[in-house]
Amino acid sequence: MEPTLQAVNITKIFPGVRALTDISLDFYPGEVHALIGENGAGKSTLIKILSGVYTPSEGHVVLDGNKIDFKSPHDAILKGIAVIHQELSIANDLTVAENIFLGMEPQKGTLLDRKLMNQTSQDILDFMKVSIKATALARDLTAAQHQMVEIARVINRKAKVVIMDEPTSSLSKHEITALFEQINNLRRNNVTIIYISHRMAEIFEMCDRATVLRDGQKIITFMVKDTSESELVANMVGRKIGDYYNRQVHTRGKEMLRVEGLNRKGEFSDVSFAAYQGEILGFSGLVGAGRTEVMETIFAARKAESGKVFVNGKEVRFRGPKDAIENKIGLVTEDRRRTGLMLKATIKKNMVLPSLTKNMLKLGFVNRKWEDKTASEMVKKLNVKTPSTETVIGNLSGGNQQKVILAKWLIADSDILILDEPTRGIDVNAKSEFYALMNDFVAKGGCIIMVSSEMPEIIGISDRVLVMREGRISGELRADELSEQRIIELASIGSNKDEA
Amino acid sequence: MGTFLSAARAGRAEKIQSFAKRNIIVIVLIILSIGFAIGNPAFLKATNLINLTTQMAINAMLSIGLTYVIILGGIDISVGAVGALAGVITALVCRTLPESTPLGLVILTQLSVGILVGILFGSFIGIIISKFKVVPMIATLAAMTIARGLCYIFSGGSSVSGLSSNYSWLGANRLFKTEGKPTGWLPVITIVVVLFVIVMHMLLSKTVFGRHVYATGSNINVAHLSGINTNRVTFISHVLCSVMASVGGVLSSSKLQNGQPGAMDGYEMYAIAATVLGGTSLTGGSGSVARAMIGCAVIAVINNGMNLMHINSYWQKAVIGFIILLAVILDMSQKKKKA
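So the sequences go chain by chain: H and X.
Using the working numbering, read the first sequence as starting at 63 and increasing by one per residue.
Using the working numbering, read the second sequence as starting at 26 and increasing by one per residue.
One thing to keep in mind: the hints can contain errors.
Below are the EDC-like pairs computed for lysine to aspartate or glutamate, each with C-alpha atoms no more than 20 Å apart in a straight line [unchecked claim]:
# : chain 1 : residue 1 : chain 2 : residue 2
1 : H       : Lys195    : H       : Glu237
2 : X       : Lys231    : H       : Glu433
3 : H       : Lys222    : H       : Glu93
4 : H       : Lys506    : H       : Glu495
5 : X       : Lys231    : H       : Asp434
6 : H       : Lys110    : H       : Glu237
7 : H       : Lys220    : H       : Asp137
8 : H       : Lys376    : H       : Glu322
9 : X       : Lys231    : H       : Glu452
Honestly, the hints are just simulated from the structure, not real lab data.
Next up, chain H with everything else stripped away, as it sits in the complex (with noise of 0.2 Å):
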């Protein structure tokens, strides 16, 4: 059998940034080839090159035996390659028909054929065994439905490569079913589909060859079945597990943070947990569950509507982050080029900010001297690659990004940490030196809770998780019942907590 998409010696290199060397795939009909590595190690450079947003440096695509060259989106699209981001591009205010034929509307002489393109698009979800009317308003339906509608408009297009990106990222359990099945549908027609996923358990359940990409190259394809969770974890970060995660053993100390019942309308409701003196307390939860809100909350970015926060059994009122850093609590937000950096000013200046007051000399005068020391001494302890601390920080890769904010914590002296994301954007090696940093923050006695929603991280570094879903805390999970099966259950369906 002829593989119906090949990548062939691909290479591209930006200005100043190698994304991807010498990557040779094939892909073949029918078949559900899983595309997996961390963030950054170049799957959505491969994609669009396979898509035609990018050309390659060098190397080429081949289709159905023939070297192609796209000059462009549309005309990889006219081809039979077609991509479902995460981000779904539906036109809310068109209808399903519509959207299923945008871009390829049929013509009856010069006018639409709306009779045509009704009855095809019902055909099609018909086809797909969906309950969608093809004259809906796109509108009205569901971001699990818009997927269907998208699936509906790949297969209108009589795709023969269909590329989806992280396509459970926002559905519950037997929505990612619903989905399987149409995956299925489309094998059995011979689809090509390219699956790009962190949830193990997904490529394991529907994948028929893994694909692992690092640092810009492919490191290996295995045959699903014939491999393991931890053997394509082992390849996507490049050394043993266990050191990736620079686990240390740290016992679980005093509590330091107690929330009791935190309520914000349309956000969060009846939020209570407690986090203890050396131990790092993952957060789960599907994007949109109301953890960063928590967080912020809890920081005093926002305020609460009801509920107490204790912090090392006082009870304290925050009136704004000032207070919270008074307390001792650091918040490395989720979006650090927006909240987290003053990308114009210098490494230095970012790291000492929240500190500046408590260090000033007579009259307010900011104190050079220890701010020099200081800053030069955290990058040094941190390991930030850096010619000096007067660098400007936008210029610094994420990976040391992080640390920097990490660092501006550490001398504001902080011994609770929230951490949202923290090591979203940044590659495979930077993430196993944050993760050797957090374990030796809490091994020192400090607390840490962090956000997350990459799987394999949230169950590789945290002691404890709590799963929110839509608002509340739908259960809790130790270390050693900690899977993603059962993260993803809370996250998706129910609680383990007795309901109310």
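Following the hints, complete the assembly by docking chain X onto the known chain H.
Then chain X, alone, in the frame of chain H:
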């Protein structure tokens, strides 16, 4: 991710590039000075250069305060009007003082009244921007029209004159009277402005408050999440700006020995131009008082030099306008490169 351009290389290139960009205005100043010196050698005479400082003085006062506000990412277009109002009110108050009032008391009155007007207007502006979240352009537009209106109301529409000779000491007097220079050579106004420049520059560049201003202008979210009271920083910056403007207005009215309701009309534009020319970006987060002074110097040199060369004064406005445009384009292109 793949291999990166080494941070070292990027760092060094960055340093050289930003050094050149930041000091381009100094080079421009030098070139302009040389040009005008060639155009009329009298430009370089000591008396002319000293005159330059007095010509810059008022604009400098306005620019000092504007620097804070622009670094914050905001703007204040009321500085001219507030300055004029301070001048009018100060003149009115001082007119009630008897001619025999000692110099010290007159100066004290001038400065106190001026600063008070500045605090009042600055607080007003500061509150509506920080608490009511009104956009700075609109908030200061309102302040500008109110201040200008009050100028005419308090002065009755005409110049407030009949002031004691002590009134002009701050703005017009010179120290160190010698044989060759019976009127003195060191202008008091220059000393006053230099003092303010030093204090305000140090406040901004060396104190924790100054850092908070930069941080708030750089990224208000980060500043807030780092424990900074960004509302308070905004409020205080606007008070400082209006106070500088008021003192500038007092100095101006002292120089002219009257209080004019129409004084300093359009001065806000030159002040903003000077601040931006000096290298303070309108998008906030960077700049300094010292740099604003270089911007003021450029504008003053252009005016002074063109006068000496007997170039039609109408051209001066056009030239300055053109230079401002150049400066903003440079500023924008710097932003694009970084993006």
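Go through the numbered hints given earlier and state which of them the structure violates, listing their numbers in rising order.
-> 6
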